[in-house]
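*Asks:* When you line the sequence shown up against this note's numbering, it's residues 1 to 181, in that order.
Keep in mind that the hints were calculated from the coordinates and are not lab data. Just so you know, even glycine gets a beta-carbon here, dropped at the ideal spot from N, CA and C. Treat the hints with care, as some may be off.
What the hints assert, rightly or not - Just the calculated beta-carbon pair ranges, DEER-fashion: (1) 124 with 27: 13 to 23 Å; (2) 173 with 69: 11 to 21 Å; (3) 71 with 172: 12 to 22 Å; (4) 148 with 44: 31 to 41 Å.
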Amino acid sequence: MQPRISRQSVGEQAIGPRVDNDARLSAELATVVSGARRRAVRDGDRQIDTAHLLHSLLEHDPEVRAVFDDGPEIARLLGYLVQRSIGYGLRWQGSVEDSGAVPVVAEAEGFSPLAAGAMGYACECAAARGAEPARGIDLLAAILLDPQARAVEVLERAGLETGAVLTRIENRSARSRWSSR
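Whole structure, please, built from the sequences with the hints as guidance.
*Replies:* Take a look at the structure:
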């Protein structure tokens with residue numbers, strides 16, 4: 001009889017502590033982090049980077065997908081992200097995603113310095129809003145703030161401007177704050 005819960009592979013254990021059960025993360029964002037971890041392991045990467053997080057956000061978070069046009073933008077983004085393991089992303093293997101602008105977060109081992117910084121910033125933004133946990137949209141906005149992020153490179157290759165995507169996020173946030181009053 002097969003076990004109902006799959007066992008964690010040795011490679012998956014090497015990615016570091018599991019922050020996907022962090023109380024500061026929404027259930028959706030915890031799922032995103034788990035998906036990014038699996039993708040990093042599958043790609044043979046030592047750390048979860050912002051491109052892993054972007055890929056997982058697009059796959060698992062409807063609020064993030066809603067920021068992009070329904071079909072063409074998401075299709076282009078996912079196309080570039082899938083090519084990562086067979087194409088241009090190969091140059092990323094064996095290197096650490098770090099612009100030097102974000103201090104390394106020790107508790108987020110297993111994440112690139114940029115991804116760890118983005119996770120921390122997303123949690124800070126959510127805390128500033130109130131008691132709610134960080135959501136995927138918070139993480140997307142945090143990822144896009146650093147022009148050295150691999151996720152930003154993917155967006156640019158897909159023909160999307162980071163500033164325009166951040167404006168869409170801000171507009172969605174303003175509409176949701178207005179409608180919740």
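*Asks:* The structure should be examined with respect to each hint, and the outcome stated for every one.
*Replies:* Hints versus structure:
Judged by the Cβ atoms, the range 13 to 23 Å given for residue 124 and residue 27 holds: they are separated by roughly 19 Å. Taking 11 to 21 Å as the suggested C-beta distance range, the pair residue 173 and residue 69 conforms, at roughly 18 Å. Between residue 71 and residue 172 the Cβ separation comes to about 18 Å, which falls inside the hinted range of 12 to 22 Å. In this structure the hint that residue 148 and residue 44 lie 31 to 41 Å apart at CB is violated, the actual value being about 22 Å.
Checked against the numbered hints above, the structure breaks only hint 4 and satisfies the rest.
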